[in-house]
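Novice: In case you want the letters, here they are:
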Amino acid sequence: MPAPTSAGIGLRRVSAGFRHPDGNEVLAVRDIDLDVAPGELLTLLGPSGCGKTTTLRMIAGFQAPSAGQILIGDRDVTHMPANRRDIGFVFQSYALFPHLTVRDNVAYGLRVRRKPAAEIAAAVAAVLTLVGLDGLANRFPSELSGGQQQRVAVARAIVIRPRVLLFDEPLSNLDAKLRTEMRTEIQRLQRTLGITTVYVTHDQEEAMAISDRIAVMNDGRIVQIGTAEALYRRPASTFVAGFLGRANMLPGIVRGSTSGELTLKVAGATMRVACQTAYAPGTRLWVIVRPEKISLAAGGSLPGEIVSRTYLGEKVEYVVRLADQSLSVVRYDPPEEGGFSPGQRVGVTLPSTGVQLLAAG
Amino acid sequence: MSAAIGARWQWRGADRPLRLALIAGIWILLIVFVLYPLARLFGRAFNEEGVFTFAPFVDALSNPNHLRALRNSLILATLVAAVGTSAGFLFAFTAERTNLAGGIRRLLDFTILLPLISPPFTTSIAFVFSFGPRGLITHDLLGMQDAQVYGWNSTVAAEALTYFPLAFLALRPLIASIGSDLEDAAFSLGGSRWHVFRTVTLPLTLPGLANAFLLLFAASLADFATPLILAGNGLPVLPTDAYLQITGMFDLKGGAVLSLLLLAPAAIVFFAQRHIVGRRNYATITGKAGGRAPHRRIASWLRYALWLACIALAAFIVYLYALLVYASAVVAFGADATPTLSNYRVIFTEGIPAIKDTLIIALICMPLGGVYGIVVGYLVGRMRFAGRQAIEIVSMINYALPGTIVGAAYLIAFNDEPIVLTGTASIIVACYVFRYSPTGIRTTVALLQQVDRSIEEASFSLGAGGLATFWRVILPLILPAFFAGLGAVFIRAMTAITATIFLVSINWTLITVRILENMTELSLGPAAAFSVFVIVVVLAVTSLLDVLLRGMTAPELRPSALET
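Those sequence lines, one after another, are chains A and B. If you read the first sequence in our numbering, its first letter stands for residue 1, the second for the next number, and so on. If you read the second sequence in our numbering, its first letter stands for residue 1, the second for the next number, and so on.
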């Protein structure tokens with residue numbers, strides 16, 4: 001299937017407001033600017049109620065923005081109804097038509113477009129092969145497993161070769177194993193077809209696995225946008241740091257600054273961190289340290305105490321008390337002998353690189 | 001979370017002008033065929049030489065005859081509701097709690113169905129055959145001379161038998177929904193069977209019982225045919241009085257006033273019933289268990305007693321209908337038992353105009369009522385617009401009002417300018433469509449509640465507009481409601497009489513009216529033959545609808561078909 005003419009998406013100062021029963025205007029989405037490049041897969045990631053689904057539904061045309069402008073390609077679609085926007089939408093609930101077979105579900109968009117029967121039959125057969133549903137064309141949705149229903153939903157959305165593909169938490173109704181499998185599948189399809197895609201999820205691992213770029217949303221705003229790696233390594237806020245992966249957020253005070261290096265007082269200890277920004281001594285900062293960056297040893301510079309140990313197979317998670325701070329520490333591929341047990345005193349070593357500093361607000 | 005927020009939003013979709021046109025069209029219909037006739041009825045009742053006055057009403061209330069009719073109507077309705085609800089509860093409880101054998105279950109289902117699809121006075125006619133002066137039981141069996149069938153006992157019994165299936169249908173799902181674990185919990189706490197029934201089962205069923213009671217009260221209050229045949233002169237009730245006032249004494253105004261006397265109790269009952277049904281969740285706490293454990297807690301002597309009672313009642317109903325069939329096939333019931341087809345010959349010769357008219361009207365009403373039902377149901381159940389609830393309520397008015405009021409209102413409203421329909425089929429068709437489509441409306445709303453909005457959004461996202469989405473997705477999903485509406489309108493168009501007896505004319509008459517005429521002329525054979533014919537036609541058409549629906553619905557949508 002050749003790549004269709006894919007279009008970029010632009011959101012210009014888009015807000016979504018509704019009137020609360022008590023009379024106040026509540027904004028579910030506030031003043032969002034967003035550009036999705038043609039062929040890109042961008043994820044809107046955030047907690048429940050952050051406005052990510054509302055944003056997606058506005059791109060689809062299911063809801064109208066209260067302010068701002070939405071572009072698909074170079075067309076202003078702000079006031080265009082959903083059925084004329086040329087989109088494919090995959091719903092959290094799949095929203096398969098229960099009275100139609102798999103074949104008729106997938107053919108629906110083509111029939112609405114009044115394509116010739118032969119063309120429809122060929123396109124449906126091709127897309128069913130593409131999503132791995134050969135031989136199930138005559139089944140009804142109720143006769144399919146959750147994963148198969150998901151595939152039908154995807155097939156139905158892509159067969160019309162939309163300019164834009166939109167996913168609303170498509171994997172949240174599947175079990176963990178299937179979820180991993182399907183997200184790889186969706187990524188493969190998206191790459192193959194090259195359709196510009198916006199994908200909504202609250203699962204950070206899913207977002208990191210699937211996306212070209214992630215837009216992290218909180219409280220109706222996009223708080224940071226970038227590749228998974230950029231967001232993980234250089235979160236711009238404690239919210240992003242905490243939402244993408246796990247992070248220790250330690251309060252620190254700047255003691256001194258030389259070119260390219262900062263000396264900080266953290267948890268009663270002195271820490272040297274590579275840093276391009278110069279801070280005046282006395283400045284308070286958040287020091288973001290990922291759990292896998294901290295090392296533990298029988299003896300070391302900073303004295304800590306193991307509070308708890310959780311064995312998770314490929315890794316062990318420790319909670320370590322260091323001065324008045326509680327640290328999360330992860331050790332991968334833990335050896336059978338030589339771990340630490342609760343109550344044990346250990347030496348803690350904080351890293352000097354791979355640490356993110358954020359101004360304490 | 002965010003989806004819940006989205007739900008508050010004004011839905012934006014295509015085909016806005018079409019929707020506006022639909023809403024406007026429905027309003028025009030409701031104004032012309034619901035509000036305008038009522039307004040004219042009120043105008044006629046409260047207007048004396050151009051001045052608004054309560055005087056006619058006060059006069060009516062101070063007339064001892066009318067007061068007696070009102071009192072009789074209320075007492076009759078109370079008795080019928082009490083007896084009918086008890087019988088309905090007996091059937092529902094037995095059906096749900098005693099593991100009925102298949103044969104008995106089918107017998108019960110059939111006897112429940114019969115009164116629902118018969119003309120409302122079928123039971124009354126059979127009562128005359130059974131308990132009348134030449135009645136099978138009174139005369140032939142007991143050897144009584146001049147047995148008196150007319151009066152309170154037979155009217156209450158006949159109405160209770162006619163309407164108890166309504167109570168059964170309202171109570172059965174409720175009794176089924178009381179989780180056995182709730183009762184088990186009560187048993188585990190040491191309650192005796194009777195104690196558990198009294199403290200758990202009965203209180204949980206109470207709102208349902210009240211609902212059933214009110215349904216039957218309203219049905220009896222509005223019933224016109226049974227009292228006309230069975231009440232006799234000693235038991236005047238409001239609907240028959242109003243009818244005689246209008247057709248016997250040509251006193252439209254007096255009839256209007258009398259029919260409006262029914263309005264207050266009918267309205268109170270209607271709103272009380274809505275209130276109870278609105279809180280229905282109360283009794284549907286089933287716990288989480290998926291498969292319900294069988295209820296085995298009924299003592300075996302009680303089980304046999306329940307079976308016996310149900311079978312006796314069912315056998316009595318079957319006996320009444322058998323009597324009707326027998327009476328239709330003999331020369332003269334009670335006098336000459338020679339088998340004959342002459343009664344059928346009569347209805348298929350002299351009766352042909354009535355049969356033709358009724359079938360034509362029923363067949364016109366069916367599609368109109370079916371379409372009207374799903375369109376209004378869709379507007380009310382799916383769309384958000386100002387006045388949505390007003391449409392919902394107004395569309396129910398003609399259904400909720402006693403037929404006498406509706407019939408008198410149509411007679412007054414469409415007799416003169418600006419809209420003259422008297423003497424046409426249209427007035428009967430309009431009466432049936434706006435009176436009996438609410439079944440379709442309510443079934444549509446109930447089915448739509450099960451259709452997630454994302455199903456429609458999926459269709460929009462695939463490029464379909466509002467109309468295409470309705471046609472390709474929504475319509476197939478609410479098809480069972482469409483068929484339920486078709487069935488209800490057809491059954492009522494074949495069997496109803498209360499409202500339309502005011503509206504028949506030389507040009508257009510109805511089988512039910514002919515049956516009533518036959519009864520008053522004491523040509524009982526043709527009356528019985530007409531009744532049997534109606535029942536057979538209704539059974540045939542509803543079975544056909546059922547087959548059609550099964551053929552047109554996807555397998556997983558079938559179970560709920562025609563259950564309402």
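The reader is advised that the hints may include incorrect statements.
To give an idea of the chain B side of the interface with chain A (calculated C-beta under 8 Å), a few residues [unchecked claim]:
id: 1; residue: Gln273
id: 2; residue: Glu417
id: 3; residue: Pro418
id: 4; residue: Ile419
id: 5; residue: Ser461
id: 6; residue: Gly465
Quick list of simulated restraints, FRET-style, between CB atoms [stated by the list, open to error]:
id: 7; chain 1: A; residue 1: Glu292; chain 2: B; residue 2: Arg388; range: 45 to 51 Å
id: 8; chain 1: A; residue 1: Lys177; chain 2: B; residue 2: Arg303; range: 20 to 26 Å
id: 9; chain 1: B; residue 1: Arg19; chain 2: A; residue 2: Arg191; range: 39 to 45 Å
id: 10; chain 1: B; residue 1: Arg453; chain 2: A; residue 2: Met249; range: 28 to 34 Å
These stretches of chain A come out as covered by chain B in the derived footprint (C-beta under 8 Å, 3 or more residues) [said to hold, decoys possible]:
id: 11; stretch: 53-64
id: 12; stretch: 76-84
id: 13; stretch: 217-230
Hints are computed from structural coordinates only; laboratory data are not their basis. Cβ atoms here follow ideal geometry from the backbone N, Cα and C, with glycine treated the same way.
Novice: Against each hint, give a clear statement of whether it holds in the structure.
Specialist: Results of checking the hints against the structure:
Restraint check, B:Gln273 versus chain A: the minimum CB separation of about 29 Å is more than 8 Å; hint violated. Because the closest C-beta pair between B:Glu417 and chain A is about 44 Å apart, greater than 8 Å, the hint is violated. For B:Pro418, the interface hint is violated, since its Cβ never comes within 8 Å of a Cβ in chain A; the closest pair sits about 40 Å apart. Checking B:Ile419 against chain A by beta carbon gives a least distance of about 39 Å; that is not within 8 Å, so the hint is violated.
Because the beta carbon of B:Ser461 sits about 4 Å from the nearest beta carbon in chain A, less than 8 Å, this interface hint is met. Among the interface hints, the one on B:Gly465 holds; its C-beta lies about 5 Å from the nearest C-beta in chain A, closer than the 8 Å criterion. Range check, A:Glu292 to B:Arg388: Cβ separation about 57 Å, and the 45 to 51 Å hint is violated. Between A:Lys177 and B:Arg303 the beta carbons are some 50 Å apart, a value that contradicts the proposed interval 20 to 26 Å.
Range check, B:Arg19 to A:Arg191: Cβ separation about 41 Å, and the 39 to 45 Å hint holds. About 41 Å separates the C-beta atoms of B:Arg453 and A:Met249, a value inconsistent with the hinted range of 28 to 34 Å. Coverage of a stretch by a chain is defined here by at least three residues with a beta carbon nearer than 8 Å to that chain's beta carbons; for the stretch 53-64 of chain A and chain B the count is 8, and the condition holds. Only residues whose C-beta sits within less than 8 Å of a C-beta in chain B count toward coverage, and the stretch 76-84 of chain A has 4 of them, enough to reach three; the restraint holds.
For the stretch 217-230 of chain A, the stated coverage by chain B is violated: 0 residues have a C-beta nearer than 8 Å to a C-beta of that chain, whereas at least 3 were required.
Violated hints, in rising order: 1, 2, 3, 4, 7, 8, 10 and 13; the structure is consistent with all others.
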